[in-house]
Amino acid sequence: MIEILQLPLGPLQTNCYLVACKETMKAAVIDPSWNGRNIAAIATEHGYTITHILLTHSHFDHVGGLAELKEEADAPIYIHPEAVEMLAYATESAARFNLTLPTPPAASDMLAEGDVIEVGQLKLEVLFTPGHAPGHVCFYIKEHHVLLDGDVLFQGSIGRTDLPGGDYPTLMKSIEEKLLP
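Residue numbers (our numbering): 52 to 232.
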């Protein structure tokens, strides 16, 4: 059984997700957008152990809580290789919006199209979906028909492509080839 907690956090209310396997009480945090200590506390309140930290991409509003979360939950950090460079500049990117962000820790594990991340009994398939940002990925939990897509799709809209590294034709190709079939 699966439990997904949606946590809108930070000044931009970016969605962070706690995806948990109820059988094993293991959980993954997807996009620790802000308030990493609070994310860890919520996991603990629900009895979950965080075993994975997964990044859909490395825009500052999706990694703002990464440093605090890593201090609280010593879980590996997963990212696509093409998103690594932008992660290193997250603090500077936040400063452009007059926001303060601790330097995020480096990722320990690299993601690739088709990888399957096992969180307890849950299987999260990695879909490479660039266009909004370099190295953007989505996580698909086929058994439960759940897609955790970062900033690719929004209700009635799609992700922005006017930020550094964004590309509209690439985003549309990702949506058409990976998410619509």
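One thing to keep in mind: the hints can contain errors.
What the hints assert, rightly or not - List time: in silico DSS-like cross-link candidates among lysine-lysine, alpha-carbon distance up to 30 angstroms:
no.	residue 1	residue 2
1	224	77
2	73	174
3	193	229
4	174	77
5	224	174
6	224	73
As the list claims (entries may be wrong) - DEER-style ranges, computed between Cβ atoms:
no.	residue 1	residue 2	range
7	143	53	18 to 28 angstroms
8	64	215	14 to 24 angstroms
9	224	98	33 to 43 angstroms
10	74	148	39 to 49 angstroms
11	207	75	30 to 40 angstroms
12	55	207	18 to 28 angstroms
Calculated from the structure, these hints are not laboratory results. Here the structure is a predicted model, which means the values were calculated and not measured. The beta-carbon is built from N, C-alpha and C at its ideal position, and this holds for glycine as well.
Taking the hints in turn, this is what the structure says about them:
A C-alpha spacing of about 34 angstroms is found between residue 224 and residue 77, which places the hinted pair above 30 angstroms, so the restraint is violated. The straight-line distance between the Cα atoms of residue 73 and residue 174 is roughly 13 angstroms, inside the 30 angstroms bound, and the hint therefore holds. Note on residue 193 and residue 229: the hinted pairing holds, with a Cα-Cα distance of about 13 angstroms set against a maximum of 30 angstroms. Of the supplied pair hints, the one linking residue 174 and residue 77 holds, its CA atoms being roughly 12 angstroms apart against a limit of 30 angstroms.
Distance restraint check for residue 224 and residue 174: the Cα-Cα separation of roughly 25 angstroms lies within the 30 angstroms cut-off, and the hinted pair is therefore satisfied. Between residue 224 and residue 73 the alpha-carbon distance is near 35 angstroms, which puts this suggested pair outside the 30 angstroms criterion. One distance hint, 18 to 28 angstroms for the beta-carbon pair residue 143 and residue 53, is violated here, with the actual separation near 36 angstroms. At about 22 angstroms, the CB distance of residue 64 to residue 215 agrees with the hint of 14 to 24 angstroms.
Evaluation of the 33 to 43 angstroms hint for residue 224 and residue 98 yields a pass: the beta carbon distance comes to about 41 angstroms. Against the hinted window of 39 to 49 angstroms, the Cβ-Cβ separation of residue 74 and residue 148 comes to about 41 angstroms, which satisfies the hint. At about 36 angstroms, the CB distance of residue 207 to residue 75 agrees with the hint of 30 to 40 angstroms. Distance hint check for residue 55 and residue 207: the Cβ-Cβ separation is about 21 angstroms, which falls inside the suggested range of 18 to 28 angstroms.
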